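J.: Model the placement of chain B on the given structure of chain A, informed by the hints.
From first to last, the protein sequence lines stand for chains A and B. Position 783, counted from 1, in the first sequence is what the numbering used here calls 783; the numbers after and before it change by one each time, with no gaps. Take the position in the second sequence, starting the count at 1, then add 1000; the result is the number in the numbering used here.
Just so you know, these hints were derived from the structure itself, not from any lab. If you're wondering where the values come from, they're calculated on a predicted model, not measured in any experiment. The C-beta atom is built at its ideal place from N, Cα and C for all residues, glycine as well. Among these hints, one or two may not hold up.
To be verified - Residues of chain B clear of chain A, computed beta-carbon distances all greater than 12 Å:
#1 K1006
#2 T1010
#3 L1142
#4 L1183
#5 E1220
Unchecked claim - Per the computed footprint, the stretches of chain B lying under chain A, defined by three or more beta-carbons under 8 Å from a beta-carbon of chain A, are:
#6 1045-1051
#7 1080-1087
#8 1090-1098
#9 1106-1120
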Amino acid sequence: MAAWWWFAREWRAGELHVLVFSLALAVAMVAGISLFTDRLTLRLVGESTQFLAADTVLESREVLDQSEWRPKLSGDIATAQVLAFATMIQSKGDGFALVSAKAVTSEYPLRGILKTSATPFGELVANESVPAVGEVWLAPRLFPLLDLKLGESILLGRATLRVSGIIRTEPDAGGSMFDSAPRVLMRFEDLEATEVVQAASRISYRLLLAGSESDLMKSRQALEFYYQERVRVRTVGESQPNVAQALERAERFLLLAGSVGVLLSGVAMLMAARRFGERHFGYVAILKTLGATRGRILTLYAGLLGVVCSLALIAGFCLAVALELAVTYILQDLVSVSSDVVYPLRPFATGAVTLAVCVFSFIGPSFIRLAGASPMRVLRQDLTLFAGLAPVDVILAVSGLLFLTQFYTENWVLTGSLLLALGGILTLGLLVSGIIFKRLISALPARSAMWRLASASVRRHARTNGFNVVMFGSAIMLMVLLVLVRTSLIDQWQQQLPDDAPNHFVVNLQESEVAAFRQFLQAEGVVSQASYPMSRARLIGVNAKSLVGQEGPDRQRETNFSWTDKLPAANTLRAGRWFNDDEIAEVSVEEEYAQRSGIQLGDLLRYRIGSQELALVVTSFREVDWQSMRPNFFVLIEPSAVPPGATTYLSSFYLPESKKVILNELISQFPTLTILEIDLIIRQLRGIVASVSKAVEAVLLLIVVAGVLVLIMGVTGTLTERTHENAVLKVFGARASGLAAAVWFEFATIGCIAGLLGVGAAELATWGIYHTMFDGNYSGIWWLWVLVPLVSSFIMAWVGWLTCRRSVRVEPIHALREA
Amino acid sequence: MLVADKLFKTVALGEQNIQILKGISLEIKRGESIAILGASGSGKSTLLGLLAGLDTATSGDVRHNDFSMRSADEDERAVWRGKEVGFIFQSFQLLPSLTALDNVALPAQLSGATASEARSLAMHELKQVGLEQRLQHFPKQLSGGEQQRVAIARAFVTEPNWLFADEPTGNLDEVTGAHVADLLFSMTESQGKSLILVTHDAVLAQRCQRVVKIYNGVLEVVA
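So here's chain A without its partners, still in its complex pose (with noise of 0.2 Å):
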């Protein structure tokens, strides 16, 4: 027989319906979700990108030939160059200022924009040029401290430059933001007028590349192949360690989502490939009889599963795209929808091995069981193909759902956490259910004749419902834990990022100018935050060795730093201990940035500030919450290895726009303050938390779409058993407003305990993935005890009814005329 025929065969008479589109359903979810994470994290790191300039940065200490690089980029690329160097620069009434100078050529920037004013402070212009050539733009401050107005020049170096523009912010000025002097940006191209880069300058190069993913990544081979170790690459994660936080934690809840996802697919599957084994038992059981062979019966299954596959793959793709379709238009601004749609490979790829897991871990165990099915069920209708859960097909089933989690998610601690608390959802949830059915239900006195019939059906169907809890149980579980953790997870961002929160920082402030700073802040009814002592080191030695020359990455060689008593808030100590009062100089290292360093505990850093030389031992990493939106500061000194000298303060305040134009003043009177307004990367993390938040709802609304259809397969399951069941009570006198009562009080009681034993795992399972995957506390919700399991016994016993209904009012003698 051909698998074709045998498919149109079956698919007419309705037997495949529900497999082919729980199959679907679990292709569709795990496709659309990766389908619709993937293109919203490319939206995020997209926009992250703007905080580099670029997609790709390499940096270097010397200017690279453009002759070298260019031959070594592949496809499509966009470059662009700069180059950063401190130097004075005098204006006409002698007035000199020490500035940070960025010369950039046309293409500048690569990705984000730069935004420009018209008068210092004033109204922010987004600017897509650059300078001239032959012309500059100035930080705001510079106008008041060199008395300078636009139009007018300046000289850097040999060359005279008009300056033509005021600079507010630049996308990659990230690394540089806690320079103090001011920025000038200038072109590229009036850097040999200047005569200020010369062969043995103290410069920051910097090469900026753009284009396609794999464009970008040969280019960059071949140019860290070329250059080896003269450049590096620089990531947001440097530039930008709050946003590259967020975004970190923003795709691990994707993932959490979509293995969610996944396992309730799982669960679906699961549920149906037993129902068709059931139900093809009695065919089996003929085609033995009639001479079929096991190999012949196998031969005929794996080419009706073949088909059943084939479509199931086709229509759940078909489902995917059109789910994120649905989704992207739903969250359209959040998520940009280019005209240029192109559909990555990867999530179509995801659902395809999903498919072939699920079939294998879920559906292969019951057709392999229809093979060996005894023909004696032709004679023998109370032979069962399926007496409980074999060993076998728990062990394939758990070994496919961690398969396809950890393929998913490649988090084993989160992988590990969701099939524990699944597994002990299985355990419990078989002993309590059975306990429960079997035993205490029936112990209830008998008060009247509808709970008779009641309690009855519920012992009658005892191992069904033992069999439902625990799948009840485990999608709620899933359900529960994804809101919790979303809830959670959205509370903790919005408190760091009130909506007053610090939007503006400033460095530079002066000792002596920290009270009369304060004051003028509360005279025009601005709160500051508490002022942090900062100055900055270069690194010259690591244990014994001394760092020389252009040895080591230069970024890790200067460095500001603070020092402190205390652990500073939004701090938490990694490894070894914090400072205490000894002997011992110590010095506490930020945990990413020792990392790229090399940096080991015990460690002795030897730093040189100004002209004294200070040997400090690494005493402990901390990790430092970037999205907190403070200072914080990749290196601490303990105060007392402090050596007395200039020290600046570094301070932080939340400014309206309505009062931005009081920065004006306050750099005329405290002209060597340095302000950085930060409003842009505040906006930008509030708009990862929205995104996030509203794509989690979306796959939630997914998740609940597979939930459902969990619960509608285990209810429809045993309607044909209710159905005669209740006819032959009827037989005997039951009435249909008991039976209806005892259906109501089966599904409520699954309800139930499936709710209790649901949020209990949820509730654990959120404790453990909080504590390892996003770094925070739980502490339970006690209320959800008791609205959890309400809600399911009520939701339970409405789709229990709905779909148990035609069986309590079925006339009797159909019913038995079908049996």
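T.: Relative to the frame of chain A, chain B by itself:
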């Protein structure tokens, strides 16, 4: 010759082991019709299952010429059934998703006939049972008697030597049952097939050349 030699069959029902058959021995000649009578629960369907190779005995053996059911595995018994056995069930056991023609063609296809050969054979058998106008109808579109006639056609399509019938008229009314019984017997006798009939209907049993009775797992020859 189909030989049953000291058949014992014990089944586990819950926590109890029930001995259904207690040392049954029986020989059935080629072309012979034999009825196995017995009350409900006497073990007659169990015996039928062992004789047809659907199950294996706890001890004892069923042999057909050199073929031993005890020594054969399930696949070998299936192949033997495909060549030698036709089966008619009390509840018809037609596949609901297949038409009458497809149901009858199924055993032929399983035996290796091509689709067109199988259909041709099936059409011939359905004509034999008077259902040539109902080829494309599904089981649910047929009456009980018509379904059983389709089942009879299916049982004969591979020209088996042994026909096993388990209460073939059990689900039919008296008139239809009589008609079906007539058809079964006439086809069996005209083609020289052996018929092993399980029934509780003594009248039907008397149509066979030999009647045996099972009582409490033990065989008694009646006639």
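J.: Give me the numbers of the hints this structure contradicts, sorted from smallest to largest.
T.: none
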